[in-house]
Structure formats: structure tokens, C-alpha cells
Amino acid sequence: MMLGNAVATPQHRHHGQPQQQQQQQQSQQLQQQQQQQQPLVIPPLNFAMVQKGVYRSGFPGKKNFPFLKRLGLRTVLYLCPEEYPQANLRFMASIGAQLLQFGVEGNKEPFVMIPDDVMARAVEAVLDTRNHPLLIHCNKGKHRTGCLVGCLRKLSNWSMAAIFDEYRRFSAPKERFFDQQFIELWQPPQSNAIKPANGGNGNGTRDAAQERKEDEQEKKKKKNAKAAGRRKPQPQNPQQQIDSSETQDSKEQAQPQQQEQQEQQQQDMRLKQKQKREKKNKRKKKRTKSK
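Mapping the sequence shown onto the working numbering, position 217 (from 1) lands on 217, and the numbers just tick up by one.
It should be emphasised that the hints constitute simulated quantities derived from the structure, not laboratory data. Treat the hints with caution; some may be incorrect.
[Unchecked claim] Below 20 Å or equal to it, Euclidean Cα-Cα: the simulated SDA-like pairs (lysine to any residue) are:
hint: 1; residue 1: K52; residue 2: Q33
hint: 2; residue 1: K174; residue 2: K274
hint: 3; residue 1: K63; residue 2: Q29
hint: 4; residue 1: K174; residue 2: V104
hint: 5; residue 1: K63; residue 2: Q86
hint: 6; residue 1: K69; residue 2: M49
hint: 7; residue 1: K272; residue 2: R287
hint: 8; residue 1: K274; residue 2: Q264
hint: 9; residue 1: K62; residue 2: L89
hint: 10; residue 1: K174; residue 2: P85
hint: 11; residue 1: K140; residue 2: F65
hint: 12; residue 1: K62; residue 2: L45
hint: 13; residue 1: K154; residue 2: G96
hint: 14; residue 1: K52; residue 2: S156
hint: 15; residue 1: K63; residue 2: L45
With the hints as constraints, model all of the structure from the sequences given.
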């Protein structure tokens, strides 16, 4: 009896192991199916947010398209002179984004420098909130992108130390002296598009509240103009003008006639009153004589 019990217990313990293995296999299969259904989301090299609605990165590839799709991009600002790849253009068309290309060579020794006017136009495009959400990129997202972001920071009144610190973090370990010199010497042209909007947030873009106020003011102006247009008298045609002039003339002619009639009526009234008085006086005289 003792031997029979000792042999039976290990068999009872190993009886539940196949069920546990099946459950583990099923959970692993479910995880694999979920991974296959949800593709990996990979941001481009050097990707970061510059400010609300503006991003920066290196050149995006096909593996980065699912990530960029989630951003809801409206504009891609490209800072290289080379032609944009067809695969990227097809992807942009699928999400309804536009391409703005400001092709410039990087600041390199001895005489290659980014043109100030091209940088100014690129800054204007970034500050235009109609282009947001917007992605700025060059090849690596370091030097040309760093120069453009540095110019934006100058408009936001960042200190040069903070601007250079941000530039070095993205361009390391290949910082360029001429990039930092370009940022320091760059001055925005006297343009309304580059100046911070009145009531804006100080970085050249307008707050959403300010935009709502301006929209409401424009709507009120339109409503007032419509109301004023309804109150204006409609222009008369020539025949109506002639008729109105004739009626005015007839009224003017009728006025003296009416005055004459009124005077005649007053005279008649006076005569009648006199006649009544005379009759009363005669009656009184007769009465006195009879007495």
C-alpha cells in the first residue's frame, strides 16, 4: 500500500503541465498577431518639437511614414537643393501635405554661406500658421535645420547662449563655427510677416485666442455691412424719377390753392359771425322799444 501511494502522487502533479504550456503558447500567438496588426512607429533621426505645430528632424524614410502620419502634417519644409524623392512625394500626397523647398548649401569653409533672403523666406513660411503642423528637415537635421531653428529662436528673444546650446545638442559631435556665426549675425528683414503679431505670444505666431477675436471682429463687420446695405434705398429707374418729380411739382402747385381756400373759408366764417351778431342786436333793440 505504501508503494502504491508513492508512485501515484508524481503522476498527479505532472497532470496539469500540458494545459499551462497551451495557455502560454496561445498568449504568445496573440501578442505576435497584435504586433503584426500594429506596425512599429519610428520617428526620423533627430526628431523633436520646436514649438506648437512645428517639428524638426533628419531626412524621413519609408520606415518613418507611419509616425509622420500620426502628426497630421500639412507642410514639409525641405532645406536641401536636391530633388525630393518620389516615394516621399507619394506619401505626402496620401496625407494631403504640401512641400516647400528652400534649397541651400550648408555653411562651409571658405565661402559657402546660406543666403539671408532664402532664410528669411523660410522663416516666413514657418511662422505662417496656415502651414501648421509643419516639419523642417535637411539631411541629418543638424546644421541647416539648426540654423533655421536658431533664427526662429532669435525672434522669440532667446539668449544666444540658449540658442547655441540647442544647436550644439542636435549637431554634436560636428558643430560648425560658421553656423553659429550665421545665427548670431542674421537679422530679420523689415517685414510684417516676420514681426511678431500684435497680441501674439512673442515668437512671431499668433495665439489661438487672438485669432478667434480677429475672426469675430471680421464677422461683425460683415454683418454690419449687410445690415447697412439692406437699409439703403434702392435706386429708381428714370420713369420712376420722372413720376416722382411730377408729383412734387403738383404738390407745390396745390399748396397755394389750398391756402386760398383756407383764407376764403375763414372769411366766410367771419361774415356769418357778424350776421349773427347783427341779428341779435336788432332783436334786443325791438325788445327795448316794445317795453
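Does K274 lie within 20 Å of K174 when you go C-alpha to C-alpha?
violated, 124 Å
Next pair to validate is K63 with Q86; report whether the Cα-Cα distance is within 20 Å.
Holds, at roughly 15 Å.
If you draw a straight line from the CA of K52 to the CA of Q33, is it 20 Å or shorter?
With a Cα-Cα distance of about 35 Å, the restraint between K52 and Q33 is violated, given a limit of 20 Å.
Starting from K140, check that the Cα of F65 is at most 20 Å away, please.
holds, 17 Å
Keeping to a limit of 20 Å between CA atoms, is the pair of K174 and V104 held or broken?
holds, 19 Å
Does M49 sit within 20 Å of K69, going by the straight-line distance between their CA atoms?
Holds, because 15 Å separates the two Cα atoms, which is no more than 20 Å.
Taking 20 Å as the top limit, are the C-alpha atoms of K274 and Q264 close enough?
holds, 15 Å
Does G96 lie within 20 Å of K154 when you go C-alpha to C-alpha?
Cα-Cα ~31 Å, so violated.
Within 20 Å, alpha carbon to alpha carbon, are K63 and L45?
Roughly 11 Å between the alpha carbons, so the hint for K63 and L45 holds.
Do the alpha carbons of K174 and P85 lie within 20 Å of each other, as the hint requires?
The hint is violated at about 26 Å.
Given the proposed pairing of K52 with S156, does the C-alpha separation stay at or below 20 Å?
Measuring from Cα to Cα gives roughly 13 Å; hence the hint holds.
Keeping to a limit of 20 Å between CA atoms, is the pair of K272 and R287 held or broken?
violated, 23 Å
Taken one by one, the earlier hints fail for this structure at numbers 1, 2, 3, 7, 10, 13, listed in ascending order.
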